[in-house]
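Given the structure of chain A, go ahead and fit chain B onto it with the hints provided.
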Amino acid sequence: NAGVIQTPRHKVTGKGQEATLWCEPISGHSAVFWYRQTIVQGLEFLTYFRNQAPIDDSGMPKERFSAQMPNQSHSTLKIQSTQPQDSAVYLCASSFTGGNQDTQYFGPGTRLLVL
Amino acid sequence: GEQVEQRPPHLSVREGDSAFIICTYTDSATAYFYWYKQEPGAGLQLLMSVFSNVDRKEEQGLTVLLNKKDKRLSLNLTAAHPGDSAVYFCAVPGYQNFYFGKGTSLTVIP
Chain A
265 NAGVIQTPRH KVTGKGQEAT LWCEPISGHS AVFWYRQTIV QGLEFLTYFR NQAPIDDSGM
325 PKERFSAQMP NQSHSTLKIQ STQPQDSAVY LCASSFTGGN QDTQYFGPGT RLLVL
Chain B
915 GEQVEQRPPH LSVREGDSAF IICTYTDSAT AYFYWYKQEP GAGLQLLMSV FSNVDRKEEQ
975 GLTVLLNKKD KRLSLNLTAA HPGDSAVYFC AVPGYQNFYF GKGTSLTVIP
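First to last, the protein sequences are chains A and B. So the number in the working numbering is just where the residue sits in the first sequence, counting from 1, plus 264. So the number in the working numbering is just where the residue sits in the second sequence, counting from 1, plus 914.
Only true hints are included.
Computed list of lysine-lysine pairs in BS3-like fashion (alpha-carbon distance at most 30 Å, straight line): (1) Lys326(A) / Lys279(A); (2) Lys326(A) / Lys1016(B); (3) Lys982(B) / Lys951(B); (4) Lys275(A) / Lys951(B); (5) Lys342(A) / Lys1016(B); (6) Lys951(B) / Lys971(B); (7) Lys1016(B) / Lys275(A); (8) Lys1016(B) / Lys971(B); (9) Lys326(A) / Lys275(A); (10) Lys983(B) / Lys951(B); (11) Lys279(A) / Lys342(A); (12) Lys1016(B) / Lys279(A); (13) Lys982(B) / Lys971(B); (14) Lys983(B) / Lys971(B); (15) Lys951(B) / Lys342(A).
A few chain B residues that face chain A, going by a derived Cβ cut-off under 7 Å, partial list only: (16) Ala945; (17) Phe1014; (18) Lys1016.
Hint data in this document are derived by calculation from the structure and do not stem from the laboratory. In this text, all values refer to a predicted model and were calculated from it rather than measured experimentally. Cβ atoms here follow ideal geometry from the backbone N, Cα and C, with glycine treated the same way.
Bound conformation, chain A alone (with noise of 0.2 Å):
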């Protein structure tokens, strides 16, 4: 098992431009959670999907961030003008079933510089 997959690794963009964030859940996960983690806030949740449905998003700014579910094998966090306070280290993580039962395995994470 390749555990949760975050692709690019790091990834630096211009004041701006757009960013866009891949995770590949674990095979068999229904649930799918990302993450921004910096040294002020530390680890701040961000949106969640079970199924490929939005559950909760009630962590991801009103503004320039998006996050689909197109199929049950990846998930995309959208960043749109990217600004520097958007520089941060991004985590997936998925689990099972979703929810407060179940595990949750993290990815690597993305670590996005803006410039």
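For chain B alone, kept in the frame of chain A given last:
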């Protein structure tokens, strides 16, 4: 919403000493509590889990205590070694999702 406070944010111990990390929370569901370890450049790696009806769990030099009355979850690394240097996170089950502490950066000095 659920609040999780993790202390201390930074911890430095000598090799062979114990390292103690604590999380306090305001509410939780009846489910698993977790401790994760994050090494530099990596994601969060599951360290230990304990169900909400368990008070104490020991495993390979790690002791997790869960005091539901006081709403405290702790992790004790006995006889820490340099390979334990990492950031540690607690995760408390809410009714829909998990709530994470802000992390404790542990440095074990040889």
